[in-house]
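Peer 1: Sequence:
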Amino acid sequence: MNVRCHRWLALGASLFASFAAGCAEERAPINRVQANALDKTFFVGSLADPADDPEFYWRNFVVDGSEAQSLVGIGSWSGVDRIRWDIQEQLLVARKAYPIAPGADDKGGPGLPDGTIVAAYPIVSHFDIVREYNPTTGEELNVVVENTTDRPWYERQYMRVDWSINLVETPMWFDMFIGKVFGEIKVTPIAYYVSDPPNRDAPHFEPEKGYFAVPSKFGSNRSSSKRRSCRPAPFRPACSSACTPARTSTVATRKRRSSAAPISR
1 MNVRCHRWLA LGASLFASFA AGCAEERAPI NRVQANALDK TFFVGSLADP
51 ADDPEFYWRN FVVDGSEAQS LVGIGSWSGV DRIRWDIQEQ LLVARKAYPI
101 APGADDKGGP GLPDGTIVAA YPIVSHFDIV REYNPTTGEE LNVVVENTTD
151 RPWYERQYMR VDWSINLVET PMWFDMFIGK VFGEIKVTPI AYYVSDPPNR
201 DAPHFEPEKG YFAVPSKFGS NRSSSKRRSC RPAPFRPACS SACTPARTST
251 VATRKRRSSA APISR
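When we follow this note's numbering, the leftmost residue of the sequence shown carries the number 1, and every step to the right adds one.
Derived from the structure by calculation, the hints contain no laboratory data.
Model, not experiment: these values are computed from the prediction.
One or more hints might be untrue.
[To be verified] Restraint ranges, calculated between C-beta atoms of paired labels, are given here:
1. Q88 with N199: 27 to 33 Å
2. R151 with N36: 16 to 22 Å
3. I74 with R151: 41 to 47 Å
From the three backbone atoms N, C-alpha and C, an ideal C-beta is built for every residue, glycine too.
Given only the sequences and the hints, what does the whole structure look like? Please build it.
Peer 2: Printed below as a string of structure tokens:
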């Protein structure tokens with residue numbers, strides 16, 4: 001009788017342990033990472049070695065303009081360019097991936113990112129995405145957060161960029177050049193950002209396809225022999241990184257690596 005009782009007790013304890021183990025399964029972590037976190041490796045490959053920095057095809061399109069100006073035409077576009085990205089503490093910088101004057105200008109070649117700057121966007125923060133932990137015991141918690149303290153900024157894997165303004169006042173577009181010849185056009189960056197994803201002016205990212213497009217907005221002042229200045233006339237060009245068109249944006253597409261010789265510009 002005692003043996004049978006012990007067997008039932010053992011079976012009951014086993015069932016209870018199985019039930020308790022099932023109830024103790026770890027819950028999905030609470031994710032406190034905010035929107036628009038960008039993996040730096042998409043832009044520069046290895047964070048420690050500039051030798052593997054990918055090139056992007058880059059193109060700009062004018063997608064909207066003010067009726068008050070006629071020197072920058074809607075529908076105008078720049079030629080396809082090649083750029084590399086340079087991640088600094090305060091700025092995400094787009095640089096030409098080739099020398100402008102081969103032989104006289106050695107910048108823009110393979111190695112350190114030092115080509116001519118064509119765009120610069122403010123960086124809001126650098127961070128790692130990790131589980132939060134108890135700083136005393138080191139025990140991990142069930143919360144995923146943005147860590148901005150454990151590693152120096154240049155080692156953190158993610159960043160958040162302010163795409164609302166391209167700080168470069170001379171983006172080297174052909175349309176701008178024509179404007180300067182005939183009307184002394186002066187370009188000034190203006191902050192412009194749309195956060196609603198379905199809106200065509202919102203930044204658009206497809207990292208799995210190596211493509212993104214971000215809008216920018218500029219103001220222009222004209223002067224001539226008859227009229228020295230006029231009211232700023234905003235217009236919005238579209239570009240993207242790695243280069244594909246977007247509204248007042250920069251369109252960019254990551255260049256695929258191959259054994260073929262790179263195109264020259």
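Peer 1: For each hint, tell me whether it holds in the structure or not.
Peer 2: Right, here's what the structure says about each hint:
no.: 1; hint: Q88 with N199: 27 to 33 Å; result: 29 Å, holds
no.: 2; hint: R151 with N36: 16 to 22 Å; result: 21 Å, holds
no.: 3; hint: I74 with R151: 41 to 47 Å; result: 45 Å, holds
Of the numbered hints listed earlier, not one is contradicted by the structure.
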